[in-house]
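Colleague: Model the full assembly from the supplied sequences, consistent with the hints where possible.
There are 4 protein chains.
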Amino acid sequence: MYRESTQIRVRYGETDRMGYVYYGNYAEFYEVGRIDSLRKLGFSYKTMEDNGIMLPVLSLQIKYIRPAFFDDLLTVVTTVSQLPKTRIQFSYEIFNEKNELLNIGNTELVFINTNTNKPCMAPDDFLKAIEAYF
Amino acid sequence: MYRESTQIRVRYGETDRMGYVYYGNYAEFYEVGRIDSLRKLGFSYKTMEDNGIMLPVLSLQIKYIRPAFFDDLLTVVTTVSQLPKTRIQFSYEIFNEKNELLNIGNTELVFINTNTNKPCMAPDDFLKAIEAYF
Amino acid sequence: MYRESTQIRVRYGETDRMGYVYYGNYAEFYEVGRIDSLRKLGFSYKTMEDNGIMLPVLSLQIKYIRPAFFDDLLTVVTTVSQLPKTRIQFSYEIFNEKNELLNIGNTELVFINTNTNKPCMAPDDFLKAIEAYF
Amino acid sequence: MYRESTQIRVRYGETDRMGYVYYGNYAEFYEVGRIDSLRKLGFSYKTMEDNGIMLPVLSLQIKYIRPAFFDDLLTVVTTVSQLPKTRIQFSYEIFNEKNELLNIGNTELVFINTNTNKPCMAPDDFLKAIEAYF
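Residue numbers (this note's numbering), protein chains in the order written: chain A, 1 to 134; chain B, 1 to 134; chain C, 1 to 134; chain D, 1 to 134.
Note that these hints are calculated values from the structure, not bench results.
The C-beta atom is built at its ideal place from N, Cα and C for all residues, glycine as well.
Residues of chain C placed beyond 12 Å of chain B at every Cβ, according to the derived structure:
no.	residue
1	E4
2	L58
3	S59
4	I65
5	P67
6	Q82
7	L83
8	V110
9	I112
10	T116
11	P119
12	D124
13	A129
14	Y133
Cross-link-like lysine to aspartate or glutamate pairs, in silico, EDC-like; alpha carbons within 16 Å at most:
no.	chain 1	residue 1	chain 2	residue 2
15	A	K46	D	D72
16	C	K98	C	D71
17	A	K98	A	D71
18	C	K85	C	E108
19	B	K46	C	D72
20	B	K98	B	D72
21	A	K40	D	D71
22	A	K98	A	D72
23	A	K46	A	D125
24	B	K46	C	D71
25	D	K98	D	D72
26	B	K40	B	D125
27	C	K46	B	D72
28	C	K46	B	D71
29	C	K40	B	D71
30	C	K63	D	E108
31	D	K40	A	D71
32	C	K40	C	E131
33	A	K63	B	E108
34	D	K40	D	E4
35	C	K40	C	D125
36	A	K85	A	E131
37	B	K63	A	E108
38	D	K85	D	D125
39	B	K40	C	D71
40	B	K85	B	E131
Modeller: Next comes the structure, spelled out in C-alpha cells:
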C-alpha cells in the first residue's frame, strides 16, 4: 500500500454562498493529492504525459461528511492499495486542522497511450517505484 | 418519475490540457441540471434557501464514458426517481450533440433547516409540485 | 462597431461565502460573451483554433460596480469597436435582470500562428465577416 | 511598502486546452497571494470578515506576459505600496521557477462594514501591523 499526505489551504473562490467549499471542488483537491503523491514517489505525472501516456479518470465517488471552510488548512491523504496495471485506483480522505474527517472518495483512472489512444500498461519506472510499497 | 433536460455550452476555461472538459467540472454541470430541473417544476432553489432550507450534497458518483470538448453543446438529463423525504436523489446523464452518452452520475442531498442546522422534510410546495409526476 | 448579447445564468458554484459571484469568475463570463459574439457573427473560435490560429489574452481589466448573485440571469454585452489586425480588443458590460450595470471590462487578445508561435493577422474569413459592421 | 511571496503549484484543472493556465484563474492566484500576505503580517482576513468587515474587489487589472503550465511552481509576489484607508491596493507579480515574469496585476478593494453595508476604515489592528512597513 502506498500512502501520502498533501496540504491544501482553502481559497476564498472555492467557497460558495453556503459558506462551505463547493462540493465540486473536491475533485480538484483529490487531483492535487494524486499528483503530489506521485511526485513524492519520485514520479512526475507531467513528464509521463509529455512522453505520451495520459491518465484520464474513469470514475469518481465522494461521500461528504463535514464541510470545509474558507482558510481551512486541509490534509488530503491519498492511498493506492492495489498495484496498478492498465488501471489505477486512488482513494482519498480529507481532514481539517482539528483532524475531523470531512470526506472520503476514490477515483479509477486508465493509462492511455496518446499515439494509439488505447489503454496501455502503467509505465515501467512508475511500477518499479510503487512496487516497493507492496 | 420527474425528468428534465438542460443545455450547457462548454466554456474554454472548463477544458484542461488534455483538451477534455476537466473531470471535476461535471459536478457543476450536474448542479446546473439540478437547479434548472427544479425551476422547470416551478420551484426556485434560491427562494427555498433564502427561506431557511438548504440542500447540501451528501454523495456524488460519476462514471466517465466519453469526454466533452470545448464548445460542445451538452444536454444534461436530470431525473428524480423517488419521492423525496428528508433526502433527495438526483441522477444525471450528459449527452453531446451527436447524442453520445458522455457520463452518468448521481447525487444524494439532504434538506437542512438553517436555523436548527438539522435535517428536515422537503418543503410542502416542492412535494406538491413533484408528486404530480409519481 | 460589432456588438452582441449573451445570457448567463449564475451557478451556485460561482458564488463565494460573501454570497456574491466570485470576482475571478467574470473573466470566464467575458470569455463566454466573446466566443458567443463570434459564433453569432458566423465564426467558430474552435474551428479557427483547430486550424492553427489561437488567440491568447494579453490583458484584462475589470471594474466591479455591483455584485451578481446566485441564479441571476445575466446579460453580457460584448463589443468590438476597432477592426482587428494582429490584435483584437473586446469590451464587456454585464447587466442583471433589473438592467443594473454590474461591471465593465475589456480584454486585448493576439492572433498566434500555432506552427510558428508568432503573431499573425486575423483570419480573412473573420475579417470579412466583421468588416460589415464597420 | 509591504511585500510578501507565496508559492502556488499549478493544478491540472487550472490549465485549458491551449495547455496554459486559463487566463481567468490568475484572479484566484492573486487572492491566494493577498490572503497569504495578510496572514504573514499576523492578520487573518477570515477573522476580520467573521467580525463584520468584508473586503470586496473594486477593480482588477492583469497584463499577461508569459503563460504558466501544469505543475509549474509559481511565486506570487504581493505588494501593498500605500497605507490603506477605506480602500487598499495590492499589486502582484507572478514568476515561474526559472524566475521569468509571467504576469503583473493589481486590485483595489474596499473595506465594507457588513452591518451598514457601507465603506469603513481599515481595522485598527491591521493598520497598526502594516504601518510598521511604511
